[in-house]
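Q: Based on the provided sequences and hints, a complete structural model is requested.
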Amino acid sequence: MPHSRSLLRVARRISSDASAAEDLVQETLLRAWRAFGQFQSGTNARAWLFRIMFNAFYAHGRKTRNGPVIVSLEQSGPEFEPQSQPLLAWTDAVSVARALDGLSQEHRAVLLLGVVEGFKCREMAEILSVPIGTVMSRLSRARQSLRERLTSNGSQPRESRSNTACAEREAS
Amino acid sequence: MNCNDLGRLAPLYITGELDEWQAAEFDEHLRSCPACLRELELQSRLDARLREVVLAEESNAARVDSRVRQLIAAESERQIPPQHAPRSRRWASAAIAIAAAAIVLAAVGYRTLVGTSVARVYADAAWDHGVEVVDRQPRPWLTDPAQIAELAEKQGISPSAVTALASGGYRLERGKLCFLDHRIFLHLVYSDGVREFSVYLRPRDAKALPASVREISNGEPLCTSDLGNEHVASVETPQLTALVVTNQSSDAALNFARFVSAVL
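Residue numbers (this note's numbering), protein chains in the order written: chain A, -15 to 156; chain B, 167 to 430.
Check the hints yourself; a few may be wrong.
[To be verified] Label-pair ranges, simulated between beta-carbon atoms:
id : chain 1 : residue 1 : chain 2 : residue 2 : range
1  : A       : 18        : B       : 191       : 42 to 50 angstroms
2  : A       : 1         : B       : 371       : 42 to 50 angstroms
3  : B       : 229       : A       : 27        : 28 to 36 angstroms
4  : B       : 286       : A       : 22        : 38 to 46 angstroms
5  : A       : 86        : B       : 237       : 28 to 36 angstroms
6  : A       : 24        : B       : 303       : 18 to 26 angstroms
7  : B       : 207       : A       : 121       : 18 to 26 angstroms
8  : A       : 0         : B       : 303       : 30 to 38 angstroms
No lab work stands behind these hints: they were computed from the structure. Predicted model only: the values in this text are computed from it and were never measured. Ideal Cβ placement from N, Cα and C applies to all residues, glycine included.
A: Here it is, written out as structure tokens:
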């Protein structure tokens, strides 16, 4: 079914395990089928599906992880060592996946919706039922946090770097 | 607009949600602030890498789809009173319900996700064309040919290359910068009045374009790659690397790439 892959990708990373993710997507599609009469033609149906999914997710009392995904040893590869292997972290898919899984559920959600699934901030605000300003700040923090996990010296906040750069530029 | 404003508004810039004047100010700041440009480039690389990693993961969507179809069929069956519905009619109704569900869910539109075996630069170009040209997501495009020419020159691309492509019935509609496979490309959109083509240009460098060679055009290999709805063709001239993307057909992409090869 269209979008089930997309839904499953996000569900997989906000749910406690693969089985819970499949259940969540299954429930989402069933809810969508039952409520299709409520869907307003001309609006973004993909966003509508994701909103149903997040509503279902929240309705289940967040029976979800707050920590990282448990990855089997066979799948995990080398341990994530950002301090010693900063360049490897950029190129190693396992490290990127682990860094993503290490983020908070809220940060994972905005990165998956915004960066991977291509939703706009306005759409994410509707999907997550939060103000757009919250989405923007979460997205900025999530990106910064992900970068910090992937680079050895990436702990300097974006604002600080930008301020420094701006000050240098203005001074010159 | 200062660096703090840029940091605050970057999420809206990346998703194309800034209004026109804000986007113009954002671009203006980027042009004058190498630090912010580097920051945004780094962010773009990280976004692209994250997207690539997550999209490459396998999923059991088929299993979920199968389960959902079964549940819909069962639910439809329950909604039909047995005493009033003959068995064959009940099954027909269930089948119709499944088909209807599939159509309903298909109606929301489907975008074929690019496979992981496809070269990154082609996947990025196909994705970019799909979002920015086919879906027409708002982006801070330049439409003034003089401004586009200036932008090209700053990227080391001769403005004459931009104007040379606006011939043979093709018209330059708009242009902007974008990132494909961690590298900056000049994204130009040309139209023949019916179809729109994205042309991605950057000065040729040592990194050759990977793809299956379809033919040799003007002594250079002309390559193609089909990614779902998008068709990509690429060619390299002594000075430039060019990618052509269209959602029309593989032949349309190939023909435009031949045209690019001939005029550049």
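Q: Give a verdict on every hint.
A: Outcome of the hint check:
A beta carbon spacing of about 46 angstroms between residue 18 (chain A) and residue 191 (chain B) agrees with the range 42 to 50 angstroms that was offered as a hint. Checked against the hint of 42 to 50 angstroms, the C-beta distance between residue 1 (chain A) and residue 371 (chain B) comes to roughly 44 angstroms, which is consistent with it. A C-beta distance of roughly 29 angstroms is found between residue 229 (chain B) and residue 27 (chain A), which places it inside the suggested range of 28 to 36 angstroms. Under the hint 38 to 46 angstroms, the C-beta atoms of residue 286 (chain B) and residue 22 (chain A), about 40 angstroms apart, fit the expected range.
For residue 86 (chain A) and residue 237 (chain B), the hinted distance range of 28 to 36 angstroms is satisfied, since their beta carbons lie about 35 angstroms from each other. Against the hinted window of 18 to 26 angstroms, the Cβ-Cβ separation of residue 24 (chain A) and residue 303 (chain B) comes to about 20 angstroms, which satisfies the hint. In this structure the hint that residue 207 (chain B) and residue 121 (chain A) lie 18 to 26 angstroms apart at CB holds, the actual value being about 22 angstroms. Checking the proposed 30 to 38 angstroms range against residue 0 (chain A) and residue 303 (chain B) shows it holds: the Cβ atoms sit about 34 angstroms from each other.
Going through the hint list in order, the structure satisfies each hint without exception.
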